[in-house]
Structure formats: structure tokens, C-alpha cells
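So you can see what is in the structure, the chains are spelled out below.
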Amino acid sequence: MGVFPAIIAAIDAGLEGREDLPGLDRLLSMAEEVLVAWLVAQGQPVPRDEVEGFWLLGLHRQGARANPSFNACRETCREIVFRRNVALLYPDEADHAHKLMAMVVKHLALFVGGKLEQTGLGEFCCSARPLHVAEAD
Amino acid sequence: MAKDMERPKSLKQVAYYPGCALEGTGHAYNRSTKAVGKALGLDLVEVKDWNCCGAMEVKNIDPQVQTYLSARNLAKTEEMGFDVVMAPCNGCYHNLKKAEYDLAHNRQAVEANARIAGKAGHHAYQPGGVETIHALDWIKRAVGEEELARRTAGKLKGMKIANYYGCMYTRPRHIFPQNDRGGESESSYKPHFMDDLLAAAGAENVDFPLKTACCGGAHAMSDADTSTELVLNILTTAEACGAEVIATECPTCHTSLEIHQLRAEKLLGRKTTVKILYFTQLLGLALGLSQRKVGVQENMADPRGYLKARGLG
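Line by line, the protein sequences are chains A and B.
Here the first sequence is numbered in the UniProt record's numbering, starting from 1 and rising by one per residue.
Here the second sequence is numbered in the UniProt record's numbering, starting from 1 and rising by one per residue.
This is chain B alone, in the form it adopts within the complex (with noise of 0.2 Å):
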């Protein structure tokens, strides 16, 4: 498997998992993502009759079953011929990450896997079949960031970003054998990718102590107040860092950030300037596109006035 994954691939057009955040409360990054891609020559194919990866709910419950249904994901991908699949939500793709790494290791894993895929009707995936990336993996490596700067222009220069990627998108490490490997790989306790990106359009990433830390994602609907608590921190750091901008790359922690900075001032009083953005937004503006076409006007907390002044769509 490992062998197979170091093969050079070409992610000039790959699968595309959007899974169910990306459809309801992600929507924008869905449509900036797709509008990046267009705008950089690259090609995104929709997983036909993709399913819920299990998030967190399923996992809790059977990790058996979460892991066949992130399975079920890799087998549509392999029947339409692809080898990588693109997941941009960091839940689908730990948990994508994860079904490999289980039918890999877990004779249990990989039992259920046949046994409720056979029921299903369809073949059972097997490890080393499909490559999972991320939307920043994709970017980086389709295009790189000597590519982005040419296309950007340093149209970000001078907008000071904090980079927020959250806590799956490198948790548990031995899911993601690709990172820490040095080099250009990305790393489990210093996540760079976006940071690189970013920079590479112009932008001045800040030095950001909590960029993996917990938004409280999951606490939302069982103690949102704890919640309010961990985004207030994260924006009152990030702005303490003299950040302008928090890039998000995980449809979970952008809407975490989003409602509690709302929930936060309304509840507490406490008003935070700093404007949430998807990195794929970001990077769209740089590349010339309109906030209307990477769904700017769909952000809870409005950044149009902001961008505007600087000059961005």
C-alpha cells in the first residue's frame, strides 16, 4: 500500500467527496473550492451516489459500521475509475483517512466491511485502492505554490491571516502515514499547508499559537456555551497575534467560528473584529474571481466591507 501511495499521481483531475457539511452549512466552501479548481485548470468529478462518511454520530455507536460506510466512498471511487479522492472537510477525510487505515490493520474492520457491502450489493473496498487528500494536499501538489504565486500576484499582500486548521485534520497521526515525512510533507504538529499557500498569494501568515486547538465543534449542540467560550479564545488570540483574517479549511470549525463570534458578542459582549474566511476564498479572490463566485455572501459574519477595501472581488 505504502508503495502504491508514493507513486507520482496526477491530480489534474481527481474524485471529489464533498460530503454533507459541504452541502448545507459548507456551502460555500463547496462553491469556492469547485471555483478555485476551475479557475487553476483543475478538474473535480463527483463521487456518483456518495454517502455519509460517518462522521462523528456513527463512529460513536459502531466504528464498524462508520468505517464501511467511508469504504463504501472509496469503492464508488474505484468503480469510476479514480485512484485519489478529494475530501475538503477535515471529517470526511479523517474518516476516510481512517476506513483505510482500518481495513489496512483490523481483520474485524475488514470483515464487516465485506459482510455489509455484500449485503449491499456492491465489492468490498480493499486498502491501497484510493488515494484520500485534502483540498490543501490538492492545491499543493497540482499546483504548487511557485504556480499560485504566478497566478496570484501577491494579491493578498499585506492582509495578515491566521491560520486555523483544527483538530482532525492531523489527528490521530498513524492515519495520515504521508505526514512528518519531511521535506515538503506537511506535519501532524506544525500543519504549514495552508500557512504555505496563503503565502504564496501574498498574504502574511501570523505566528498563531492555537492552530490546531479545539473549536468546540462538537459541543455545540449539547453545551453551546462552552463553546462560545473556546471561539472567543481562538478569535481573541488570533486577534492578540494581529490577525485580520482566520483561514479555515473544515466546513465544521469555519461555521463553529462563524456562529459563536455572533453568539459571543450577542451573550457577552464581547465584539471581535477578525473576519472568518475558507482558504479557498482566499484564494479565489486572489485569483481574480468575484466574492459572489467563491460565496462570500454567504458567510454568517459579512467580510464583503472588509475585502472591498482591500480591493479583493
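Next up, chain A with everything else stripped away, as it sits in the complex (with noise of 0.2 Å):
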């Protein structure tokens, strides 16, 4: 299984109750490997800076340099983050938040997964304009 499927369905396992909810750590480190899986594929260096003390924030950076349109997840990634110190802060919103954050990460999961996958097929807003400059020249 490649790395976006297991991610969603690790996700979907935790949030159907089948198994336990990967945990806050482990749902950044995957919402990390989504954004490296981007980067290599567009060719891009992996950079290992932080952003506001998150590699994930800076790995979006650096996916949004190559490629504007990326910043369509720029808040999603910021959302990630954003919840996952409000289960770390308030017990009390913790399971709530922790949830949230799954489902987010499973968003990003399925919007990077899909433009990689668009990228051969075009027709995508935020990836498809090289291949119609291609096919127009």
C-alpha cells in the first residue's frame, strides 16, 4: 500500500472506531509525509527547516515556492497544526480536537493525492497549466 492510501486508511480506521486513532505526534509525522511524497515527485528538495517551529509548516513553504497554487493547502496545513496544540493545551477539548486533526490530515491526504494523480491526468485547476502549455506549444 503506497503512502497516501495507508495514511487514509490508518485515518478512517481510527475515526469508523476499528481501531485506535493514530496519535497526535503520529498524525503530524504523516501529515509530514504527505507533503515530502509532493515534493520529491515535483523534484523539489525536502528542506529540513521549521516554520513557527513546524517542519510541516516549512515543508509547505518550500511546496508553495516551486508552485503558488500549493498554498490551497496552506491552511489546512495550519490547521493541522492548530489543533493538535489545542488537544495538547485543554484536556478538556482534547478527544475533540484530536479528532479534528485526523480529519484534517486525511483532507490533505486526499487533495496532495489527488494532484499527484492529476498531474498525468490534467484538467485540475492547481496542476493541470504545464501540461496545456505543453500540449499548446
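In short, the hints are calculated from the structure, not lab data.
Source: prediction; values computed, not measured.
Where a beta carbon is used, it is the ideal one built from N, C-alpha and C, also for glycine.
It is possible that part of the hints are untrue.
[As the list claims (entries may be wrong)] Listed below are several chain B residues computed to face chain A (Cβ distance under 7 Å; list not exhaustive):
| # | residue |
| --- | --- |
| 1 | Cys-214 |
| 2 | Ala-224 |
| 3 | Thr-226 |
| 4 | Glu-229 |
| 5 | Leu-230 |
| 6 | Asn-233 |
[Claimed, not checked] With a straight-line cut-off of 25 Å between C-alpha atoms, the simulated DSS-like cross-links for lysine-lysine are:
| # | chain 1 | residue 1 | chain 2 | residue 2 |
| --- | --- | --- | --- | --- |
| 7 | B | Lys-155 | B | Lys-308 |
| 8 | A | Lys-99 | B | Lys-160 |
| 9 | A | Lys-99 | B | Lys-190 |
| 10 | A | Lys-99 | B | Lys-271 |
| 11 | B | Lys-38 | B | Lys-12 |
| 12 | B | Lys-48 | B | Lys-160 |
| 13 | B | Lys-38 | B | Lys-308 |
| 14 | B | Lys-12 | B | Lys-155 |
| 15 | B | Lys-155 | B | Lys-293 |
[Said to hold, decoys possible] Derived coverage of chain A by chain B (criterion: at least 3 residues anywhere in the stretch with Cβ under 8 Å from a Cβ of chain B; other residues may be distant):
| # | region |
| --- | --- |
| 16 | 78-91 |
| 17 | 97-108 |
Using the hints, put the two standalone chains together into the complex.
In C-alpha cells form, the structure reads like this:
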């Protein structure tokens, strides 16, 4: 199973109660794996820099540097960090924040996975332009 | 240009650019936007002989042709004597704003616009002549929350809403220079205009983490399964946040949510019950308009029973 299906399957199993939901740190690393896979597929360097204390945000910044439309998942990444912080800082809200963090990580995996597939298929707002430009040439 | 944009303008009567989607799948948005405007004493004058904004397709092939297509609509707005045009569709709003930006910053775009406009036989639009606003902007600035609260008398009280703005309403940030100025301005990162308007009508906005996430709208033709998964995740997340309704302000997002809600149930056996309504439909109902008047019967995922049970329309 590839990185995206495995992440989505693990989160779904947790959300549906078949298994424990992946922990906060594991969810964060899943999101990082998604962005690393994107950068590698784009032939971009994988930075080690953190932004605001999070590697995830550093990875996103690198992805957007080469492709501004990658900012379509900027807030998704920031929400992942935010929900994690809420889960760690506010015990009364921890379970709900943990669940929402999982759902947002799943969205990131679906979005980036979809973008990678569409890069080959074309006709997707964020990734299709290079294909169409090549066709027009 | 910036100085001109900062001048207070009357928004009681503005030019209206519905765009293609509002004549098709987004017809209920068109209908409810006009109905809400009328109920609030606002006047929309449709841009004469408007054309497609270039949407995503033209932009992918030749961005300068897309800039021209959007600029032509701004030129037509000017010819009618208006300096504000309201575009309720996120794609149109984005493209008109992008044309404004390109013509102010990109010499090639200016030249292409002048060349094509010359061939088409109309004046080439110059940046700074027209301000493009969204329907959210329009109602917020022309009416405001205080007046809206007075007119709606809390009719949406108790309704839990997840406000979904989609990915184009505030992106890319540089084409929306009016945002992120503090105070009453819209936020690129945490948009709140729809939250503000619906809260004024009594609604309870839930803390929804996917308000600007991708709905997969543009995947719909080539990879419908990914769209369905993305939408299903938006719907289930909204439900996990306690939402009974997802409010939308873009016809592409709205249609995507509705179609894939049905598709998820049919193909994946995943039923979600959250209702999907344009914010203008919700405001219209709160203003006492009938369900028919705001086009609820045109929604694919039928919310009529839910609304009736809430005493709306």
C-alpha cells in the first residue's frame, strides 16, 4: 500500500472505531510524509527548516515556493498544527481536537494525492496548466 | 488605484456580473441573491452583454486571453457608468480581481488586453476604474450586521452552521489587496464575512477547520472519486463539528458538495445528513422570503423538510 492510501486507511480505521486513532505525533508525521511525497514527486529539495516551530509548515512553504497554487492547502496545514496545539493545551477539548486533526490530515492526503494523480491526467485547477501549456506548444 | 478603491462608495445600486454558473447549476444562487438584494432595498443592474470570465479552462491555455475576457466585463461595467461590480461566484470574483491585478502589474497583459479589445472594437479597460466585490462584501458593506440583525429578528436562532468558503475566495492573497487590513476587513486565512452575516441573523457558527479547503470541484470531470472523497470528508467534518447546515457562497463548491453528497451515499454507502444551502438562501429565509423565492426547490439534496421544521419559508 502506498503512503497516501495507508495514511487514509489508518485514519479511517481510527475514525470508524476499528482501531485507535493515530496519536497526535503520528498524525503530524503523516501530514509531513504527504508533503515530502509531493516535494519528491515534483523534484524539489526537501528542506529541514521549521517554520513557527513546525517542519510541516516548512515543507508547505517549500511546496508553495515552486508552485504558488500549492497554497490551496496552506490553511489545511496550519489547521493541523492548530488542532494539535489545542489537543495538547486544553484537556477538555483534547478528544474533539484530536479527531478534527485526523480529519484535516485525511483531507491533506486526499488533496495532495489527488493533485499527484491529476498531474498525469490534466484538467485540474492547480496542476493542469503545465500540461495544457505543453499541449499548446 | 489603491486610493480610488479606498473611497467610500454607495453600494445600494451596483453592477451585477452573474457569470455562467449562475445561469446553470447555480441558478438558485442567482435567484436568492437577487431576492435578498430586493428584500434589503438594494439594486442589481446586470452587466450588459457580459461574457465568460475565462474561468479555469482559458486560464490554463492562455492566461492573457483570460485576463482580457475578465477585463472586457469590467469595461462593459464602466460603459454603464458603474464603478462597482458584484460577482457572487468565487471563480468569477477571483478572475475579475486577477484581471485588475494583472493590468496594474503586467505590461504583457496590458498590451494583450489593448490588442484584443481593439480587434473587438471596444475600449480597453484601465485598472482602477471598477472595484469588483463579492456578494458577501456587498451585503456586509451595503447593509451591515446591525441592520441585518434588526431585519431578520434572529430567525436562524439555534441553527448550527459550518461556513464553507472554498479555495478561491481569498487566494492568491496578492489579488485581494483589500483583505487582511484589520478591523472590518476580510481575512485571507480565516475568512469570516459569511460567519458575520449569518450570526447577525441568529445562526450559531461552528468551529469548522475546513472552511477554505479544496472541495475537489475541478476534479469532478476527470477524477470524480477523489472529489467524492474530498467532499465526504468536508461533510463528515462539518457533522463532527455539530453542524446541521453547510453554508456556501460559490456555485462550484455548492454543486460539488451536493452532487458528491448524493454520490457518496450511492457508491460508498456513506450517508450524511448535513444540509447544503447558499448563504443567500439562508438570509432570504431569515428575511421572511418563501423557500420558492430563494430557490430551495432547485437544491439537489432536498432541505425543504428540515427548513420547514425550523419554521423557515
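- [ ] Return the numbers of the hints above that this structure violates; sort them in rising order.
- [x] 2 and 12
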